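Number of protein chains: 2
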Amino acid sequence: MTSATDELTALTVAEAAARIGARKLSALELTEAYLARIERLNPTINAFVSVTAERALADARRATDEIARAGSRGPLHGIPLALKDLFETAGIRTTGGGKFFADHVPRADSTVARRLREAGSVLLGKLNTHEFAYGVTTDNPHFGTTRNPWDTSRIPGGSSGGSGAAVAASLAATTLGTDTGGSIRIPASLCGATGLKPTYGRVSKAGVFPLSFLFDHPGPIADSAEDAAIVLEAIAGYDPADATTVRTPVERYREGLVRGLKGLRVGVPRRYFYDRLDGEVAGAVETALGLLRTLGAEVRDVEVPSSEGAVLGLFGLILAEAQHIHADRLARRPQDFGKDVLAILSNPAPTTAAVVAALAEARQLTAAMRDALESVDALATPTTPVTAVKIGQETVRYGGAEEPAIFTMIRCTAPFNATHLPALSLPCGFTREGLPVGLQLVGRPFDESTILAAGHAYQQATDWHRRRPRL
Amino acid sequence: MTSATDELTALTVAEAAARIGARKLSALELTEAYLARIERLNPTINAFVSVTAERALADARRATDEIARAGSRGPLHGIPLALKDLFETAGIRTTGGGKFFADHVPRADSTVARRLREAGSVLLGKLNTHEFAYGVTTDNPHFGTTRNPWDTSRIPGGSSGGSGAAVAASLAATTLGTDTGGSIRIPASLCGATGLKPTYGRVSKAGVFPLSFLFDHPGPIADSAEDAAIVLEAIAGYDPADATTVRTPVERYREGLVRGLKGLRVGVPRRYFYDRLDGEVAGAVETALGLLRTLGAEVRDVEVPSSEGAVLGLFGLILAEAQHIHADRLARRPQDFGKDVLAILSNPAPTTAAVVAALAEARQLTAAMRDALESVDALATPTTPVTAVKIGQETVRYGGAEEPAIFTMIRCTAPFNATHLPALSLPCGFTREGLPVGLQLVGRPFDESTILAAGHAYQQATDWHRRRPRL
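So the protein lines, in turn, are chains A and B. Using this note's numbering, the letters of the first sequence correspond one by one to residues 1 to 471. Using this note's numbering, the letters of the second sequence correspond one by one to residues 1 to 471.
Please keep in mind that the hints were generated in silico from the structure rather than gathered at the bench. Predicted model, so just to flag it, every value in this text is computed and none were measured. Worth double-checking, as some hints may not be accurate.
Stated by the list, open to error - A few chain A residues that face chain B, going by a derived Cβ cut-off under 8 Å, partial list only:
(1) Phe213
(2) Pro240
(3) Asp242
(4) His324
(5) Pro350
(6) Thr351
(7) Ala353
(8) Val355
(9) Val356
(10) Arg363
(11) Thr366
(12) Ala367
(13) Arg370
(14) Asp371
All residues carry an ideal CB built from backbone N, CA and C; glycine is no exception.
From just these sequences and the hints, can you work out the full model?
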């Protein structure tokens with residue numbers, strides 16, 4: 001565990017980049033360290049569905065040469081990372097987690113894969129996801145079960161479970177996931193990683209297999225808020241190929257981290273988000289709120305209406321879009337879907353009236369959240385009301401009732417898909433069983449800077465994000 | 001016609017503001033001139049459904065005093081304007097063009113009405129619209145027929161027909177309309193005014209009676225691109241109460257007008273937009289393209305896919321949203337709708353699959369348009385394929401076929417509702433019958449500046465926008 005290899009893979013992107021920039025570490029050494037660790041641990045964790053070792057080594061050699069010759073191009077130059085298998089990658093199999101695409105090799109990169117490549121990063125491979133990103137608790141029926149590095153009998157969360165597990169197990173320096181109801185923040189929360197769902201439109205979805213165009217958000221799952229800032233800066237920005245991206249200027253997120261927490265007004269929306277929580281989660285989150293206050297934030301309760309209706313509406317809209325996206329496959333080869341996704345897709349579509357009402361409900365919640373964010377700079381909630389459940393566990397009992405685990409997991413995250421607001425999940429403690437707890441910070445539209453700076457200040461004062469499982 | 005009063009009402013906002021700022025003209029004199037003209041001409045034109053003369057005079061006196069004492073606050077200080085009756089105005093009846101709201105007096109201003117008030121403008125009254133903004137050619141069954149000032153046997157276009165007619169007849173220094181399929185640009189085109197549909201999200205819709213949240217855009221109908229720039233600068237910007245507004249910085253649109261046309265790359269999307277045109281419209285538009293070239297623009301054909309499917313999809317989405325918005329009224333008091341809107345609303349809703357497919361089609365067209373706008377700075381098309389039709393005329397024959405007039409009118413405008421791109425309509429000539437022809441310039445998302453500057457340069461070199469009907 002404390003071999004030289006494991007010391008390298010424990011570095012954050014920021015730390016590794018500093019060493020690479022100072023020529024104390026080469027991209028090749030670092031890539032070899034990750035590949036060795038993947039070889040050792042992936043058979044247990046199953047975070048990767050494709051490991052592109054040869055290409056990674058070739059890219060790492062080129063990066064090493066370039067940096068030796070001309071210096072580092074930036075903080076991702078020579079950094080080994082991995083992408084959820086929803087991001088198209090030129091010449092590398094991209095399955096979307098589905099049997100239909102088990103042999104699909106795209107000719108072009110998704111916009112963000114291209115931007116990461118142009119930043120000089122090294123692609124280690126592609127990460128497991130729920131089938132077509134549909135689901136947050138179930139296994140992938142075609143590419144196997146990804147396990148939570150903190151307890152391999154538990155789920156890593158989803159749909160970006162491979163990304164969360166890869167970060168927690170130090171199998172990649174950083175990763176990308178996608179988030180439609182919480183699929184970046186839930187694995188971040190359950191795996192003790194830092195996950196950022198940027199504002200809708202901040203990051204291009206061109207070349208990313210869709211679950212729901214209305215609510216999909218690509219973003220980083222990383223070791224720290226600082227690493228998330230580095231990745232966001234590389235991938236953010238207008239893309240003509242994605243009609244939902246906007247021309248709002250991309251900020252220098254990493255430089256902005258120095259803004260810290262001093263004087264930040266943090267609102268605590270007690271209703272709904274704190275109604276039903278596991279006791280240990282509640283305790284860790286309250287402790288975190290106390291620490292934010294100690295660090296100079298002004299923490300106070302704020303009123304927002306319940307997200308209940310908007311979240312139900314979101315489920316319907318995602319279903320309607322997914323049924324559209326998969327219509328041909330459903331009609332022609334239903335047997336090639338896994339049973340869970342087939343069952344979901346076989347549900348009756350919501351009516352047109354329900355679709356329109358759900359859109360209206362999402363808009364109303366958005367206006368209410370934005371209004372709350374006029375009097376505070378950010379909101380703080382738990383990311384997930386409970387910690388990682390057992391693999392195969394279908395329901396959760398907490399706060400005095402039992403419900404399907406999927407509802408529990410997305411309870412606090414999905415409102416920010418409906419409202420498109422940026423949301424960051426940070427590790428904020430561990431249960432007695434040793435499972436990570438997540439704190440969610442939510443910002444104004446396109447104000448990722450504020451929540452990243454708050455998260456960074458919090459992480460400067462704590463070491464929850466530094467803890468890694470023994471593997 | 002050449003009385004002192006008519007000389008004042010012929011001024012653009014920019015010109016009137018210059019005189020007011022130099023204290024050569026008072027807000028009160030100007031307001032009295034407009035009220036006198038309204039009294040004389042509105043019985044014929046029927047642009048106004050409510051004239052708020054007393055309040056306007058009080059506001060004008062206050063503005064006159066303020067300016068005498070402390071100088072002008074800006075280009076709208078003391079300027080008499082009018083709003084489509086979809087914009088809620090505190091203490092002033094706001095009907096939405098519907099019988100249901102014939103006595104509805106809002107307690108609060110819509111965000112843009114408030115912003116215009118805060119800019120010091122004087123509200124003359126509220127302007128006629130198609131019932132709930134649904135329709136572009138039919139009359140309003142409750143508030144009467146608005147007539148085109150160029151030929152009172154013809155429609156002014158819609159749904160912001162009152163706004164277009166008020167500008168053309170010089171019954172207000174400037175106006176606001178809303179545009180869901182073309183309802184700002186069509187009346188601008190048919191009435192010889194300058195209309196700007198800003199980018200979706202650029203201007204708040206809070207307090208504006210909705211037709212379709214997905215595609216509604218408030219914006220100015222004005223005497224010139226310069227006046228549209230002045231109004232846009234006052235009303236644009238983020239509004240927490242409207243979930244669709246974005247934090248993209250508001251530019252100094254008026255200062256930006258000096259950028260002109262030199263070197264501007266203007267794309268001409270021949271397919272679809274130029275397929276079927278009235279001969280005189282085609283001639284005027286080609287002449288305008290030639291002048292753009294003479295003025296220094298680089299005008300070239302560009303390829304974009306046909307908008308046919310997206311426009312059909314847009315019709316379905318608007319219907320689905322309108323049915324949702326009016327559901328209670330339809331169920332309880334269908335007889336209070338006019339027959340045209342009742343007939344539309346009684347159509348079967350599109351299916352959920354059709355709704356989702358239409359959203360996808362809109363996104364695809366958006367990506368294609370944005371892609372075209374990577375190689376050019378703006379697109380140029382006709383605004384309407386034909387000029388104003390007769391009141392009551394239900395079909396149009398042009399380009400070798402006959403179709404419902406509504407389809408003809410929205411043919412070139414609706415694609416930019418589907419794609420949310422900013423689009424400006426400018427007068428670019430007159431037919432032998434003396435009816436105005438409109439040229440449409442389309443910009444990149446949130447790049448209203450470029451099309452306003454192009455329009456301004458065009459208007460510096462022509463006087464189409466200065467022509468006014470004899471009334």
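**Report entry** Hint numbers not upheld by this structure, sorted from lowest to highest
**Finding:** No numbers; nothing is violated.
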